[in-house]
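Using the sequences plus the hints, can you model the full thing?
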Amino acid sequence: MANLTNLYDVSKCTACRGCQIACKDWNQLPASIEPFKGNYQTHEDTDGDTFTIIKFFETEDPVTGVNWSFIKHQCMHCFEPACMMACPKGAYTKTETGATVHDPDKCIGCQYCTYACPFEIPKYRKREDKISKCTLCVDRTVEGLTPACARTCPTGALTFGDRDELLQKAEDRAKYLRENGYPNATIYGKLELGGLNKLYVLTDTPDKFGLPVDPHIPKNISAWQNVVQPYFGWLIPLMLGASAVSFVTTRLLANKHGGHGEHEEGGHE
Amino acid sequence: MQWLTEYKPDVERVERFNFVARLTHWGHTVTFLLCLFTGLVLFLDGVDWLAAIFGGYGGAGLVHRIAAVLLTIFLAVFVVFDFKGIINWIKDILRFGMNDIKFVMKFPLEFFGFPVKVPPQTRFNGGEKGNSIVTPTMVILLVISGYIMWFPAIFPAGLVRVAYPTHDIAMILATCMVCMHAYLGSFHPGSGESFWGMWKGTVRSEWAKHHHAIWYDETYGDKTDAE
Chain A
1 MANLTNLYDV SKCTACRGCQ IACKDWNQLP ASIEPFKGNY QTHEDTDGDT FTIIKFFETE
61 DPVTGVNWSF IKHQCMHCFE PACMMACPKG AYTKTETGAT VHDPDKCIGC QYCTYACPFE
121 IPKYRKREDK ISKCTLCVDR TVEGLTPACA RTCPTGALTF GDRDELLQKA EDRAKYLREN
181 GYPNATIYGK LELGGLNKLY VLTDTPDKFG LPVDPHIPKN ISAWQNVVQP YFGWLIPLML
241 GASAVSFVTT RLLANKHGGH GEHEEGGHE
Chain B
1001 MQWLTEYKPD VERVERFNFV ARLTHWGHTV TFLLCLFTGL VLFLDGVDWL AAIFGGYGGA
1061 GLVHRIAAVL LTIFLAVFVV FDFKGIINWI KDILRFGMND IKFVMKFPLE FFGFPVKVPP
1121 QTRFNGGEKG NSIVTPTMVI LLVISGYIMW FPAIFPAGLV RVAYPTHDIA MILATCMVCM
1181 HAYLGSFHPG SGESFWGMWK GTVRSEWAKH HHAIWYDETY GDKTDAE
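Protein chains in written order, with our numbering: chain A, 1 to 269; chain B, 1001 to 1227.
Residues of chain B clear of chain A, computed beta-carbon distances all greater than 10 Å:
id: 1; residue: V1020
id: 2; residue: T1029
id: 3; residue: W1049
id: 4; residue: A1052
id: 5; residue: I1073
id: 6; residue: V1080
id: 7; residue: F1081
id: 8; residue: G1085
id: 9; residue: I1090
id: 10; residue: G1097
id: 11; residue: M1105
id: 12; residue: I1133
id: 13; residue: L1141
id: 14; residue: I1144
id: 15; residue: Y1147
id: 16; residue: D1217
Distance condition first, Cα-Cα at most 16 Å in a straight line; then the derived EDC-like pairs of lysine to aspartate or glutamate:
id: 17; chain 1: A; residue 1: K24; chain 2: A; residue 2: D139
id: 18; chain 1: A; residue 1: K190; chain 2: A; residue 2: E171
id: 19; chain 1: A; residue 1: K190; chain 2: A; residue 2: D172
id: 20; chain 1: A; residue 1: K130; chain 2: A; residue 2: D49
id: 21; chain 1: B; residue 1: K1200; chain 2: B; residue 2: E1006
id: 22; chain 1: A; residue 1: K89; chain 2: B; residue 2: D1048
id: 23; chain 1: A; residue 1: K89; chain 2: A; residue 2: D129
id: 24; chain 1: A; residue 1: K89; chain 2: B; residue 2: D1045
id: 25; chain 1: A; residue 1: K24; chain 2: A; residue 2: D47
id: 26; chain 1: A; residue 1: K106; chain 2: B; residue 2: D1048
id: 27; chain 1: B; residue 1: K1008; chain 2: B; residue 2: E1206
id: 28; chain 1: A; residue 1: K106; chain 2: B; residue 2: D1045
Simulated from the structure, these hints should not be mistaken for laboratory data. Quick caveat, the model's predicted, so the values are computed rather than measured. Here a beta-carbon is modelled for each residue, glycine too, at the ideal position from N, C-alpha and C.
Given below as structure tokens:
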């Protein structure tokens, strides 16, 4: 089955945050209220009960003046997810349509995934001692519905559909923006981390929107999961085996040499 | 078949480990093994039966944390009540010399039961010096990385990412040392007496003369010289 993707077009977003509300509504997430921090952003970051937020960036440029940009932030549903790699309980799976789904029944709340994720998306939900994150509304999309956020978007900034088609649409849109006053317009999510199942059309370079320009799975995490975890552990049975062999041979040889009693030589540990 | 070396109370014995050293040693034995088996639940794949012993993954996590705190307390007890013992221990490790190198070279033969002659050893022989460096270093790394993993929110994300592989590597190296150490300190016929050194605190002087000649001479050898 084809990858079903959300395409988010920054240039069409008005930061109404209808997607935030729709997400809370569909996923039955309680409100998490944070104190006012002096800007329009509702939450500092996503949390256990907030799968998506609109981030606000205010920048001042001496030439163009004050610049205000928004971006929707949520799980990127990577094709090669670091969370899935790090999870010791196999709680993460990729669906046929490309969503990265977390199974709370398998989760033990260790939070390895939170720190493995280049976007630090999986968040710890304290009241359940489990991780939670955006599901790309798999419970809706399997029934042929559109994800809650995309369905509610009034400006068409969020669309949902086949990834190849949307990728073409995104390329065309970025090209149009580049020719019409946004020379740095680009797309995000085509190749990053082996491809993201979330596509972005950006009016400027990714770093202006708080997105990592060249995201990668942290090297500590990949070395840990690909080298240490599968191979280093064999040292332990090796040592146990050596001790077991010694247990037998010392006793066999002691009989041969006439006992290992009062006048033994050598050392011990 | 004989397992442990027989304890002989009626021969001349000398003190090898004081009470605090023995308390922290056995405290760490219990807490380390608890941490090890509850931790392996996550390190190994598909060991639900191991988790079940501790009441599932949640229970294993709880036991792991309780044992870890107790392990840290035993570390603190050792530092507070026998600081001098730690200093002497480190001093002895720093006396690593030719006799230790020769010991380590010949030890593999001794390990499997071949009779070998090794040079006189200080309080801790070459192998014990190695164990004394590796195991405590790894346990300290385990403690530090463990608390970082327990409370990741208050540490920088980069540090948390380093803590994960560190915890695993330190666990593996410490467990390897513990596998050898546990066997050599108990069922290995040539060194079984050292078990009583850690259990009762004393070893046969005869054994000490054979195995740790330099230590024995310096500590108990010529009593008139020492006084």
